[in-house]
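*Asks:* Spelled out, the chains give:
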Amino acid sequence: MIGLFVLLLKREALLLCRRPAELANPLVFFAIVIALFPLAVGPESQLLQELSPGLVWVAALLAVLLSLDGLFRGDYEDGSLEQWVLSPHPLFVLVLAKVAAHWVFTGLALVVLSPVLALMLGLPAQCFGVLLLSLLLGTPVLSLLGAVGAALTVGLKRGGLLLALLILPLYIPVLILGSGALQACLHGMPATGQLLWLGSLMVLSLTLSPFAIGAGLRISVGE
Amino acid sequence: MIPPCLEGVALTCERDERVLFEQLNLILEPGEMLQIMGPNGSGKTSLLRLLAGLMAPTAGEVRLAGRAYSEQCHESVRQLLWLGHAAGIKGLLTAEENLTWLCALNKPATQEAIWQALGQVGLRGFEDVPCHTLSAGQQRRVALARLYLNPPALWILDEPFTALDRHAVEHLEHHLSQHCDRGGAVVLTTHHQLMMKPARYRQLELGQEIS
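First to last, the sequence lines map onto chains A and B. Heads up: take any position in the first sequence, counting from 1, add 12, and you land on this note's numbering. Heads up: take any position in the second sequence, counting from 1, add 25, and you land on this note's numbering.
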């Protein structure tokens, strides 16, 4: 079963690497949104620094949301999902590998990119640790919860808007905790509380959502 | 007594408030081939999806090796090979990469076995070519190569002959009937008359009352 997990990770990585445009999409979106704010608000403004925790997190959230619509679409259209559902292996393992690959190429990439962009917003260097940690804990939750919505809407022709409506309410706690952690750090307060909450959300979604995603895919394939 | 490998009991299927078929009973024993015929839209694909367990029937139940799908909580008992209209072939991957993955979903196959299977379907020399550069018939052949890779005994094939040339059709018919004569079972939909039939062969005509 671990072999299958690794094999699927490799296959997904291979597929994404052969379609680099799709890979770059959320990252470019993330970079553009953040790069535009210093231009609009003024680069030396204290206001920008004050806003930066929220900006980084909203941009990251939207970038992940943007990438989710196509998460299962290709596999649905070419019949791969039918093969997954009929496989004797448990579906949640396959789903977990798929989402893990998605996270590495969007979530983790956003985390790596974020310090550079946070610098543009004037976020002080002592906050970088919290920035990285909060995104590292938060983006897997975004990917996992989003995949539940993507699995449910994959059979619809234009599921993008519905996906956003389904998922955004679930994203709110992550957004509040993530930007809250950064805000606390910016004001010199400890951010441990928010980070621990984010961590527990991550563990919770990691354990429960693969089953929900699998069930969603079964419903979509069975339509 | 060995239970029939596939059994449909009083199957009813409704799509969009239209009844495709009602109270349909069918039994498939090991060694049998069942060809499902019928005009377009008569529910052939829906019936196959019900039999494969991809879709739940409106009423009735499907039993695989004597046990209903609804009772099978553990997926590992499901041993069947499903080939739909879309066969799960990724255009960006090569034929070999596609087959490696599709086989790993059931039983992993070695590279040598995959190359041999591709040779069997006439795709020798195309192992490393991305599938989107292949023709429709060649892509179909990639999917059909799974039938040569240590497959489970029950095959459910939706229009397996689409886009194949005459020679490939002949070859596939031969392989299917051989599989049945060795004790396997095949359910398939196709519009053309099979030239080569196994010893135990039946037809099921759907949608007669509509026409």
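Since the hints were made in silico from the structure, they are not lab data. Ideal Cβ placement from N, Cα and C applies to all residues, glycine included. You may find that some hints are simply not true.
Ranges between beta-carbon positions, derived for each pair [as the list claims (entries may be wrong)]:
1) B/A84 <-> A/P181: 35 to 43 Å
2) B/H192 <-> A/L218: 33 to 41 Å
3) B/G144 <-> A/M13: 37 to 45 Å
4) A/M13 <-> B/H192: 52 to 60 Å
5) B/H216 <-> A/P100: 25 to 33 Å
6) B/D153 <-> A/H199: 52 to 60 Å
7) B/H216 <-> A/P181: 43 to 51 Å
8) A/L168 <-> B/A161: 22 to 30 Å
9) A/L168 <-> B/E230: 45 to 53 Å
*Asks:* Could you run down the list of hints and mark each one as holding or not?
*Replies:* So, going through the hints one by one against the coordinates:
1. Against the hinted window of 35 to 43 Å, the Cβ-Cβ separation of B/A84 and A/P181 comes to about 37 Å, which satisfies the hint.
2. About 51 Å separates the C-beta atoms of B/H192 and A/L218, a value inconsistent with the hinted range of 33 to 41 Å.
3. Between B/G144 and A/M13 the Cβ separation comes to about 31 Å, which falls outside the hinted range of 37 to 45 Å.
4. Range check, A/M13 to B/H192: Cβ separation about 40 Å, and the 52 to 60 Å hint is violated.
5. Taking 25 to 33 Å as the suggested C-beta distance range, the pair B/H216 and A/P100 conforms, at roughly 32 Å.
6. Restraint check, B/D153 to A/H199: a C-beta distance of roughly 58 Å satisfies the suggested window 52 to 60 Å.
7. For the hinted restraint 43 to 51 Å between B/H216 and A/P181, the CB-CB distance of approximately 49 Å keeps it satisfied.
8. The given range of 22 to 30 Å is respected by A/L168 and B/A161, whose C-beta atoms sit roughly 27 Å from each other.
9. Distance hint for A/L168 and B/E230: a CB-CB separation of about 34 Å, inconsistent with the stated range 45 to 53 Å.
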